[in-house]
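Enquirer: Heads up: the sequence lines are chains A, B, C and D, in that order. Its first residue numbered 57, the first sequence is counted upward by one per residue in the numbering used here. Its first residue numbered 57, the second sequence is counted upward by one per residue in the numbering used here. Its first residue numbered 57, the third sequence is counted upward by one per residue in the numbering used here. Its first residue numbered 57, the fourth sequence is counted upward by one per residue in the numbering used here.
In case anyone wonders, no lab produced these hints; they're calculated from the structure. Among the hints, a few may not be true.
Copies of the same chain are indistinguishable here, so a pair counts whether it falls within one copy or spans any two.
To be verified - Cut-off 20 Å, straight-line C-alpha distance, at most; resulting in silico cross-link-like pairs (DMTMM-like, lysine to aspartate or glutamate): (1) K377 / E231; (2) K143 / D226; (3) K121 / E218; (4) K377 / D115; (5) K143 / E318; (6) K377 / E365; (7) K364 / E324; (8) K254 / E234; (9) K377 / E234; (10) K229 / E148; (11) K364 / E234; (12) K377 / E109; (13) K254 / E324; (14) K130 / E154; (15) K364 / E318; (16) K121 / E318; (17) K254 / E128.
There are 4 protein chains.
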Amino acid sequence: MSSQFGQAFRISTFGESHGGAVGVIVDGCPPRIALSEADIQRDLDRRRPGQSEIVTPRDEADACKILSGVFEGKTTGTPIAVVVFNKDARPEAYREMETAFRPSHADYTYQAKYGIRNWQGGGRASARETIGRVAAAAIAKQVLAQLAPGIEIVAYVKSIHELAATVDVDAVKFEEVEANIVRCPDAAMAEKMISFIKEVRAAGDSVGGTIECVVRGCPAGWGEPVFDKLEADLAKGVLSLPATKGFEIGSGFAGTRLRGSEHNDAFEMREGRVRTRTNLSGGIQGGISNGEPIFFRVAFKPTATIFKEQDTVTTSGEDTKLQARGRHDPCVLPRAVPMVEAMTALVLCDHALRHRAQCGRE
Amino acid sequence: MSSQFGQAFRISTFGESHGGAVGVIVDGCPPRIALSEADIQRDLDRRRPGQSEIVTPRDEADACKILSGVFEGKTTGTPIAVVVFNKDARPEAYREMETAFRPSHADYTYQAKYGIRNWQGGGRASARETIGRVAAAAIAKQVLAQLAPGIEIVAYVKSIHELAATVDVDAVKFEEVEANIVRCPDAAMAEKMISFIKEVRAAGDSVGGTIECVVRGCPAGWGEPVFDKLEADLAKGVLSLPATKGFEIGSGFAGTRLRGSEHNDAFEMREGRVRTRTNLSGGIQGGISNGEPIFFRVAFKPTATIFKEQDTVTTSGEDTKLQARGRHDPCVLPRAVPMVEAMTALVLCDHALRHRAQCGRE
Amino acid sequence: MSSQFGQAFRISTFGESHGGAVGVIVDGCPPRIALSEADIQRDLDRRRPGQSEIVTPRDEADACKILSGVFEGKTTGTPIAVVVFNKDARPEAYREMETAFRPSHADYTYQAKYGIRNWQGGGRASARETIGRVAAAAIAKQVLAQLAPGIEIVAYVKSIHELAATVDVDAVKFEEVEANIVRCPDAAMAEKMISFIKEVRAAGDSVGGTIECVVRGCPAGWGEPVFDKLEADLAKGVLSLPATKGFEIGSGFAGTRLRGSEHNDAFEMREGRVRTRTNLSGGIQGGISNGEPIFFRVAFKPTATIFKEQDTVTTSGEDTKLQARGRHDPCVLPRAVPMVEAMTALVLCDHALRHRAQCGRE
Amino acid sequence: MSSQFGQAFRISTFGESHGGAVGVIVDGCPPRIALSEADIQRDLDRRRPGQSEIVTPRDEADACKILSGVFEGKTTGTPIAVVVFNKDARPEAYREMETAFRPSHADYTYQAKYGIRNWQGGGRASARETIGRVAAAAIAKQVLAQLAPGIEIVAYVKSIHELAATVDVDAVKFEEVEANIVRCPDAAMAEKMISFIKEVRAAGDSVGGTIECVVRGCPAGWGEPVFDKLEADLAKGVLSLPATKGFEIGSGFAGTRLRGSEHNDAFEMREGRVRTRTNLSGGIQGGISNGEPIFFRVAFKPTATIFKEQDTVTTSGEDTKLQARGRHDPCVLPRAVPMVEAMTALVLCDHALRHRAQCGRE
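Please model the complete structure; the sequences and the hints are all you need to start from.
Expert: Here it is in structure tokens:
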């Protein structure tokens, strides 16, 4: 199904940029987990437009409402529906896109697939679609905190264009990430990134970069052999986010330039348990977590919607020019950080419950 | 489920390296598709061990048998079971691995997850597991040939260690790939790669690289918005293959260093239909194919099993040394080419049928 | 998943009796199907409480709102979310059920499973849960009308307690069903049923019965062999409705008292196509529709919540007495008619799309 | 998918009556469960043809082979493939069915759906298809024995035509069922049934009946609200068996003729836990087991293939006569007893694992 994710902790999202609302249903959530709208709002606020001067100015509070599945502050085990109503919709700003396809956006492919599309604000292809994911993931995080106390998921901007941060995956903290509006824990580089994004926006252009995510405290044994390898599900999860172009885990593409004797992570006993001396595997071997930090990087392309005039074609098949209006992010990465975290939490929570189903242990 | 893939064209694989057999069931295959064991054997032969001097010498004919779902040379619409019996099993060569975990292999994580593992030849974590995938994909290719006549899937070795080939994704041909044992269509570079792999093997070491895959002739409209984006499913598919560390599509990680005005693929009318002038998108926009060639790259790490002595721990938690015996590939890439093709065919066939379900067109 | 139904046309429902709202997301709906809130409201009105003097007096307009997936009066192929906000909630009327389990209701089993339950109005075990099903089925009916023009689904009350109607499955019309408040097309028997239900209610008691459903105009070829037989999915669908105890198709239990020579439906050519002379099969053979009318019966038990004092136990494990208050149906059947229709439409629509996926035809 | 069943304990079956083999893959099985081919063979022997004078004389040992997923006598957590090769195939005995459709069999509907069918022995619509189910269920029983020690599943013939047995669901034992060839624990009635079946066979005819199944020792809390109610999944499971026409649980259709005050099962504390005084609910309330015995009945029609001449049509659309040859059961019920048990075990095992996933308890 197009809009469902997960097997044991399954989410179903809905909603368009300018439709009535966006939201999610979470099915399979364990009962008796503490949950409030505030738990969800915290992450939605990190994702919302208008949060800083380097993101889209669309003005949405993105206030969530839990419609079901929670009773007296606790989950009941039944489906949890969360909804956010769209407020600041301005369909008229998208009128050009009714008849012209934005280059490298989803306008043309939706039309080719469905023979119809909601052209207002990108419809389902808008980044607003991720609200349901982030809301569901806030619930997943509550579950994970109970199943694997001490587990931490930290994502951050690793690079913007050529500007690359230096970050220690074993030590980076959430607070360092949230300390600046670009969400890069390397404070000096963050400044440069912010200036650069402003510059690019002033030029009516856009820019991409990479996000790195690390999971510390994940128990050994999560994930499955063969198709549902933990890294395969993480890759699918993050590459289902808008604007992504690549995923690599541990040594990644650079690892292809090492020999086995350099790349293998020797095992050793440390602090009474099996550990690896290095971690080029990125915390996963054979599709299953090994207890070391899991870390991976995701490539985000420059935002497709720019304010420069571009060549394109009309829905009736004629060459034309398009210059976008509307409100758009010059760089999606600052707001994509909570989205990457969200997909990571969803994958881990799903696999934690699946592991419990089959193996009877957390 | 650990060993199932696809929604409408769903495969279920089974089998260990040294168990009785490996194989697959394909459920949901359209009826009246011509299919013989020879159609499947062709691809199994490209995947099998012992096929050349740069792969594992394990001697397996990998002869397949169709047990069901085909009648008088045609699929009947019922499940197609394909089985390959293991012949050249030598469990004694793996005796050390009964008690010691191979670094960067799945030995430890299987034990951590299940509390038991078939240590003979890596069990389910062996590359033999991919026989079922390749067999199923041979069926998928027959279906695709009927649903989208002219569709072509070509995968090839793009790099081995630092040795990178020059290949034109718009023109590369299957025959050029199969012209040499390393499966690199750049003949000059292929020679260097072969020599290098031999050298590495002589040193008891292993090496990785990248595989590129291109799909030409894919209709616009395949894939789904949100979670089951075509590139997300391709990423999951290929990253579920053993030894993979990364995936990138179109511009990939390099695309993060471009601006939107450089990265966007302008649309234009060409030969009577909507085309893009460039193809940094890699043939997919918003999760849905746009009719341009789909191409992506996959990173493979150096094989974990090497013949040098390595530090590791025993199943009872003591530090030890391990030197592997057995028969292993010094470099998985030549045999991984048909595996990448296979996962690509499976994803496309599944999405083709899903598209037909929802939209009623091929 | 507890609250999902269907594979290709998949619905996810949510909501409790006294929570904020109830509703559904439909994923996989074909694009360009005409759809308005009025199309959905029509069936919700047939399901809603307070519609007549023989059902619960709870006062809910059950006005639905489409939140996504429809643009300019047509489905877009993206998820359709429909929501109904709860209005006339009176949690105080359920206060006794906070601590005492209603006999033959779901109070105890929810507590045993989840260790928590929303006791207000039965929570998720309330008949309000079926709003999402009926709303989704209204969409399914629009799809079916396009895929199989002329297809008709007619459900009706066949018996209440000992009062059994005489109905011709080949001729019964929707208008005859809707002509009276008990939804029995045998007008004379309907009068008796209505009187009987009033009598039972006056006594503080409740009563059950059977609903029969017929599908005319279903094409041959829908359904699948083995597990997802059309009748198996219909059985699952209707037996997932609250208060159901049995399902039989065609000859049903009575068929077990016939010999093969009496039971077999001879084939014959009629009006240029393959027909059966009799229809004890009930329109399905080997799990697949044969083009004849599909008809089946569903047993509904008497409503569990009655106004007589009953023996039960408390949540803390003590014997006690319980006398229900609140607003309850003395007989669920009149309102269950659109629910049975709904599950039938959902099963058929799902199988129609699955058939199209695999076989490429409607 | 047509040939898959279960979510957490998922089986995929394959195979035709006269194809090379029939079998199953079980995915999601917990690790470290003792399992041998003998554990599976025991149930296959109860299902196999030729086992007594009242079933089909086809001579098949149905000897199973485990191809994967078991190591040193224990499950490994990876897919378990079990295969049975067909031996006594006699396609020539089905030659008439190549061109004529057997009344009330699946010949016509398979042709209508797929445009092709394996007419030898009924292909996938043969009762041989159930071998995979029975094999998988033998594994499920091993799992259940560990998750819920003491759980018992006992199915038996309750009636043949008008001959109905008297059986106490709370006390009936497996040994009583297996004590005679018709598998009816009422010994006196069993004799009559056996004579009757012989008589019917001598007349070239066939006969149906009902099977009852009871589960004792099922913990409270298995099953899910809404769509995947335990009774809905049981109904789907058994109605996916060949020749079934109806399902009823607890009071069933007879319950529709009671009032709520007669039908409700009062709760009481007994032996320190919540029990019901009566059990008209049949052990399930709101879709979730309540700890009381679960019992239900299944209607089986008379076998479609009879030796009397019947009217039918040819594949080219002409009226004709058909008189079957081949080897057929005059009554499927004796062999259907292990099939009903099998579907029950599969449903319970799946829900046990799903319950553990969500609620963390067995």
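Enquirer: Looking at the structure, which of the earlier hints fail to hold?
Expert: 1, 2, 3, 4, 5, 9, 10, 11, 12, 13, 16 and 17
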